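**Student:** Fit chain C to the given chain W structure using the hints.
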Amino acid sequence: MLSSLIWLPIVGAAIIGFLPSRFSTSQIRTGAVWLSGAVLLWTIWLLTQFDIHNPGLQFREYLPWIETLGLNYELGVDGLSIVLLALNSLLTWIAIFSSSVQIDRPRLFYSLILLINGGVAGAFLAQNLLLFFLFYELELVPFYLLISIWGGEKKGYAAIKFLIYTAISGALILMGFLGLVWLSGASDFTYQSVLGQTLPLSLQVILLGVLLVGFGIKIPLVPFHTWLPDTYVASSTPVVMLLGGVLAKLGTYGIFRFGLGLFPEAWAKLSPFLAIWAAVSILYGAMAAIAQKDIKRMVAYSSIGHMGYILLGAAALTPLALVGAVSQMIAHGLILAILFHLVGVIETKVGSRELDVLNGLLNPIRGLPFVSSLLILGAMASAGIPGLAGFIAEFLIFQGSYAVFPIQTLVAVIGTGLTAVYFVILLNRTCFGRLDNATAYYPKVLWLEKAPAIVLAILILFLGIQPTWLVRWTEATTTAFVAAIPVTEPSAPIVQAMPIDSPRLPQ
Amino acid sequence: MPQFFADTAWFIPCYPLVGMVLSIAWFPSMIRRTGPRPAGYVNAITTFFALIHGLLALPAVLHQPAQYLYLPWLQVAGLDLTLPVEVSALTIGAAILVTGLNLIAQIYAIGYLEMDWGWARFYALLALFEAGMCALVLSNSLFFSYMVLEILTLGTYLLIGVWFNQSLVVTGARDAFLTKRVGDLFLLMGVLAIYPLAGTWDYNELAEWAQTANLDPTLATWVGLALMAGPMGKCAQFPLHLWLDEAMEGPIPSTILRNSVVVATGAWVLVKLEPVLALSPVVMNTTMVIGALTAIGGTLIAIAQIDIKRSLSYLVSAYMGIVFIAVGSQQTEAALLIVFTHALAMATLVASSGSIILNCITQDLTQLGGLWSRRPITGLSFVVGAIGLAALPPLGSFWAMLKLADGLWQIRPWLVGLLLVINGLVAFSVTRTFGRIFAGNPQQMTERSPEPLWAIILPMAVLAGFTLHVPMILQHFNLLPAWADLNKDVALLLTWSSLFGFSIGGVIYIGNYVSKPIQLPWKPLQDLFAYDFYTPKLYRSSVVGSVDVISRITDWVDRYFVDGIVNLIGLSSIFGGETLKYSNSGQSQFYVLTIAIGVIFLAVLMSWSFLTHL
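Same order as they appear, the protein sequences are chains W and C.
Going by the numbering used here, 32 is the number at position 32 of the first sequence; the sequence numbering is gapless.
Going by the numbering used here, 1206 is the number at position 206 of the second sequence; the sequence numbering is gapless.
The shape of chain W in the complex, shown without the other chains (with noise of 0.2 Å):
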């Protein structure tokens, strides 16, 4: 049942990657659009299955591999896997749907995507620590190849960037895992051998600085960012799309499975400094967004601000504010798709992405009224107006977060005004003002290119009207999650608990 969803787009791959010279680039398009499909249709099928009401793991499947290594074929879902695999497979249909059909090497460019998408599936469904580094570092080679291949300016430099930092990524994440086993004496690598370990906190704690670092990196946070804009702005526009859709999801998905998950104790105890962390990211991501003078850039800052609020959602510790963070996953994934997608259809129409050159899009005759409508849909998304899908989620974590962490949430709150600056920014420049006639010529923008925005548009609007649809498959599980945390007040009652020979033994 889960297996299909790995082994679908592994196996599809592999077939469109070895498929005979006459078939011609549309219809390795056509198959590849096709098994997508049937992905995210099965991925929608398990969502109608799954039981919202079980915090629990879903849809077992277990299968001896290396057991000598502890490393076994443990699949599983819950309510924070099951939305992202969703996203996942929709992302990645839509990143197929609207890549270019005159691509060059479709054979390999179509078989890295769905390796890719194979790849993610493993890793969020994965219950086996080492299981879930095999499929994490999966995708490591294929966006390396996607970026250096089919990838704008800069391609090389950025895919090298990209590939040292997720290496690192990959090397700080496995340290962790092997630190933690060990440490603790567990049998085999299985998520639910070590889940209620007992390590010293001060050992946690390291652990932990070693996981979120790593996954920081994936995610990213400031300071582990700069490889972001530079491998964004360089990738074609479906990879960007999973790129940021998908992959830095992976690197939340790991802090929530695997920080918050494994070391309870000492997320709790390090908390305060992860809101306040997170708040940084924000505000550094909204300024650094605001002088950029690409759009692609600057949409690439705004999704390191909007890390930021699911770091401080994480942080936060309370239902709300978690449900709130993986909504933020889901919402962000939809909105920065959406984003990324009309920028690269205005490159390719208008051929810039520099501020002081587009102008006056939103004019009906010649410029991309289309386009510019659903960016401005789409910027005001990312912006959090109510009534589209990434105010609710951010409302859901400032609310759950304003009881613990109040001075880090208002700041959170100030990081919302500064990207409505800096999407203003972006509307004003290229949607509104005064269209150039002397170069407006641009190509019409064809359905295909449409259909994918329209899909994100529709979604982004439906799950902010009717937000249950976005927490429904969650919050079991994010309460569960809360419920496990030992300790709630942080910090005090485990300081209490520390001294061994306390001199109230004796009496």
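Hints are computed from structural coordinates only; laboratory data are not their basis.
Values in this document were obtained by computation on a predicted structure and should not be read as measured data.
It is possible that part of the hints are untrue.
[Claimed, not checked] A few chain C residues that face chain W, going by a derived Cβ cut-off under 7 Å, partial list only:
| hint | residue |
| --- | --- |
| 1 | Glu1150 |
| 2 | Gly1161 |
| 3 | Trp1163 |
| 4 | Phe1177 |
| 5 | Arg1552 |
C-beta: ideal position from N, C-alpha, C; glycine also.
**Tutor:** Below, chain C alone, put in the same frame as chain W:
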């Protein structure tokens, strides 16, 4: 039957929403064959339905206690977001005012935007505003009010930006969005902060909680100030007032709505929040001070403007300032009454100024004049609006101001004095505008200026008619004071202040006794008013400038420091590798030497503890 309409009153905002969705079909990229005009007709029809629904529901709610409907929206992790709909005479009345003014503005737009191509977008946005305002008045929850206000902020941005080709429109839309967003974010902070304290966002439960709440005064002050900041942005109060002035770049039909009811959304939320604000005297005093400053400053600035729309828009800020004074002194009824009377009078004034602008092509007061004989209907409507705005009996504003002044008479007499000054200045200002348009000799731009299309004249005349009938409407709903309770001193003072303002304005601007333009004796003072207290410069040098500088610094740090370190590590590893490759010389003596050094180093290291104890 009326009960059925009252029970389904939650549907009133849905009519315009249907219109909004339908108008998408006439976007230029969809239907081109019919042209965009059907979008306008569809929206006018849906607005008409909304108005009829409200009117039919009214009999069921008159003199009845408020009924509540609850529409579940989101329940998650212990947070229950249910939309409470309050159906009462007040909310239905407000919805009728909103839909009625919308209908008038939409018919007006049929005439005013006759040659425009952006009908579908424009009407869709008007419908969004209508839906939003109806939802705002019907919802009884701070959270949903906040949501609506935020959506309307976006709506303002798009509605001002309808003519997005022009650079002033673009900056105006941007400033409106960001200024309102600043207010909204403070409101969001307040919304976040009040929930853990009160445990509810429903206005009536908040009011109940506020009666018994035992809150830390500092906290109450901060929360109250945050909650007040949202309405401040919406009502264009100092220092968040600049957007309303820049919003005048948008089309007149939307200005009719903006100057009458859209700004009043802030006042509505403020009135609803009054019990919470009253928890802290600091907040109440701040509200009053901000209102008073805006009212005085707004009228003074209005007098110094040479743009018709701007001279009217600053009066809107001023009147909203008076509403702030009213709420700050806990006179919510007077506040709502002022909102109501001001809405109709201001709508009449804007509609008639639009009728002038359309045919004279200019909105520069210095280029107009002598239109009284050419534009009698517009002129009369302007007069009605002017008298309706300033407190002159028997028209509406007089009774609203009287109620406020009467309430202030005992507790804060100096505020009554202030009110009289403001009222006189308002009367002076509208007379000045009237004089510059209608009196004097015709100029180049006004030489040929007939009354425009019926679609403009009719709504304008209807608005003037409603303005004239405001006292009867008030009478019908028992909102006029009985003759015996009338505070005749205040009434006389108010009347005198209006007469004073009107006559001085008349002497200067209608009678041709003083040469124009009029210079104040001290030039910097005149510039201060003419350039809006230099607020744009103030913004640029404070908030805008600092955000700009910080963002540049962040970008610099990001490029050259954070990324610089990364690149330095990369470079140094390449450099290190390049350097080290020269050590592979192939000479065995060199390798032996390195091995020997390494062995010695290791030996010293391992025997370090022994060596130190020697």
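**Student:** Each hint: holds or not?
**Tutor:** Hint check results:
1. Glu1150: Given a least distance of 5 Å, the restraint on C:Glu1150 holds.
2. Gly1161: C:Gly1161 check passes; min Cβ-Cβ to chain W is 6 Å, inside 7 Å.
3. Trp1163: 10 Å, violated
4. Phe1177: OK, holds: C:Phe1177 within 7 Å of chain W, min 6 Å.
5. Arg1552: Holds, because the Cβ-Cβ distance from C:Arg1552 to chain W comes to roughly 5 Å (cut-off 7 Å).
Going down the numbered hints, you'll see the structure goes against just number 3.
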